[in-house]
Amino acid sequence: MNFITPDFMPVLPEIFVLTMACVVLIIDLYLKDENRGVIYLLVLATLVGAAGLTLFVHTPESVTTFNGTFIKDTMSDVLKVFIYLVSGVVFLYSRDYLIERKIFKGEYFALGLFAVLGMMVLVSANNMITIFLGLELMSLALYAMVAFQRDDKNAVEAAMKYFVLGAIASGLLLYGMSIIYGMTGTLDIAEIGTKVSEMPSDNIVLLFGVVFILVGLAFKLGAVPFHMWIPDVYHGAPTAVTLFIATAPKIAAFGMLMRLLVDGLGSLQAHWQEMLVALAVMSIIFGNVIAIAQTNIKRMLAYSTISHVGFLLLGIIAAGANGYSSAMFYIIVYTLMGLGGFGMIILMSRSGFEADELDDLKGLAKRSPWFASMMILIMLSMAGIPPLIGFFAKLAVLQAVIDAGYIWLAVLAVLFSVVGAYYYLRVVWYMVFEEPKETAPIKASFDVQVVMSINGLGMLALGLFPASLIAMCAAAFG
Amino acid sequence: MNIEPIVFYLFSTILVLASVAVVTVRNSVFAALFLVLAFFTCAALWILLEAEFLSLVLVLVYVGAVMVLFLFVVMMLDINDTLLREGFTKYLIPGGLVAIVIIVEMAIVVGPENFGLDKFADPVARAADYSNTKELGMLLYTDYVYPFELAAVLLLVAIIAAISLTMRRRPETKYQDPAKQILVRREDRVRVVKMESEKIKE
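As they're listed, the protein sequences go chains A and B. Note that the first sequence covers residues 0 to 477 in numbering that gives the first Met the number 0. Note that the second sequence covers residues 0 to 201 in numbering that gives the first Met the number 0.
So here's chain A without its partners, still in its complex pose (with noise of 0.2 Å):
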């Protein structure tokens, strides 16, 4: 048989992240405790590196390689740029909180970067087999670094119940892999696409497939009925992974679901359409009416977060250029914005005391005005109040729903997200109009306070000019 090198050019970001994934690994063997830093420059110079690598191999049309198993085109690219810096601002944030709570590990950082590695994988992945190890080796690191505190029992309980349901959610994503692929005969994504797209659309067979790949997709984004691990696991965790969990893998999530439902299973749409119209308003309703009872930010967040969610399946429901576009607009801001909510939580805990309950927002603006008029910019923006960029995230959204006809979904979502605007605005509240229980203001290091202040910053800046990022997004699917 003749066997064509693949070209490895297009792959050069990935491999440059599984080398110094294991150059970390070995390094870290190397180290004393007080050099520790190393590890963590070293990651930081990691992602830098690879964003580069990522601008440099990339063309405007897309690219396959090792026998179509990889894709690279410019939606993956946009999409990996997003998750090097979200990651890279996440292993700042959280860089004084591992080292109080002692778990500054070369481990941590290397399960860090695989996981990151296994996001890459994902938004570039063109074969079924691929999509699963992708979305495997993300998920395993992730628990991992959620159990990474072995002595907190809530910590520990979290990661069993996420692996447990992350397992059943895999058994029921491949469930529906095998059922497409033994239909179709094939696990190359164009391939399936062409070939679905020859069968009748109401084929039982592949609709059954569709329903299991759906519930998978559903499970891993947190919409409902599937979010139930959501709350616990963003509560449980160490505050720097549930910052990690809700921000980068949520970009990778969308990138699997553009490839599996779109690029694959695109003839399927006015199936899939319909389960995800359900999945949306029930997470938009159930999202923002749960989270106005939660007493706790961290789980009232994660409730925001299944509201999100629900407001990114609108996008893809809309579907075209201008709906898929507008999902990603909206998953990118809401990722910066989730930097920035969770960020501040790990701001003002310390060690041996967690700020994760609404309490302890209170009199924020008194202790320490800067950051807390930073949190009034990310919540104002997450609850969707203009000029702020979530704003743009949720209008654009919005339109592609209305020009796609689904009205009634755009009415439902404006209502809900009036209903969510009282919980973020209840942080305000807090942060403003209460007596803070104790005085003393938020102390931080100098790079986290200027990366804590960008983030808030960018909220309004990009809200202003946020003509480059939808830019970025309508090239993806131009």
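By construction, these hints were calculated from the structure, which means they are not laboratory data. Wrong hints could be hidden among the right ones.
[Claimed, not checked] Part of the chain B face toward chain A, derived, beta carbon under 7 Å: (1) Phe29; (2) Ala30; (3) Met66; (4) Val67; (5) Leu68; (6) Asp142; (7) Ile158; (8) Arg167.
[Said to hold, decoys possible] What follows is a list of derived Cβ distance ranges for each label pair: (9) Asp402(A) <-> Ile99(B): 39 to 45 Å; (10) Ala166(A) <-> Ile99(B): 21 to 27 Å; (11) Glu51(B) <-> Gly184(A): 19 to 25 Å.
For each residue, glycine too, the CB sits at the ideal point set by N, CA and C.
Position chain B relative to chain A; hints supplied.
Just chain B now, kept in the frame of chain A:
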């Protein structure tokens, strides 16, 4: 009369019964042994499908290595299964209903009318000198090299995760440090207390 269907149904029946036994028997060692039986019958089915390499790997790796390890762990651990069985009857009815609905649905969808021989052609039997192993090796290291490498990375992550989660100093374990034991000095252990000897009064 073709012998293939008889062999197929024989092994399938054993496989299904063994799988049911895995989750229903009370003794966890028996459960592990039933799993071994399930793997064996599964391997036999794969032989029927002419996938001899996969079936041998299943026996060698799963039965030979994984399950032996499993049995060791099961025997070492003292699991209190009354705790695990708590709430079994509470979840039986809703869980059973959901399971039945799913089984019925699956039977309707993946039944013979959708997956019968009229839908999919009977796979062509290969010649006797056709090497399954060689073909697999060819595919694995050429067309599927990217997924193959990813699977390797996945295993690496599993190793790192397992080690980083278990390699830690438990506060409750008592351990000896030979270096400290050797370096110990007399003064650290023995304290000589000088006492005035009491005089017995005459």
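The hints, checked one at a time:
1. Phe29: With a closest approach of 24 Å, the Phe29(B) hint is violated.
2. Ala30: Violated - the Cβ of Ala30(B) stays beyond 7 Å from chain A, reaching only about 18 Å at its closest.
3. Met66: violated, 19 Å
4. Val67: violated, 23 Å
5. Leu68: violated, 19 Å
6. Asp142: holds, 4 Å
7. Ile158: This interface hint is violated because 10 Å lies over the 7 Å limit.
8. Arg167: Since chain A brings a Cβ to about 6 Å from Arg167(B), closer than 7 Å, the hint holds.
9. Asp402(A) <-> Ile99(B): 39 to 45 Å: holds, 43 Å
10. Ala166(A) <-> Ile99(B): 21 to 27 Å: holds, 23 Å
11. Glu51(B) <-> Gly184(A): 19 to 25 Å: holds, 22 Å
The structure is inconsistent with the numbered hints 1, 2, 3, 4, 5 and 7, although it conforms to all the rest.
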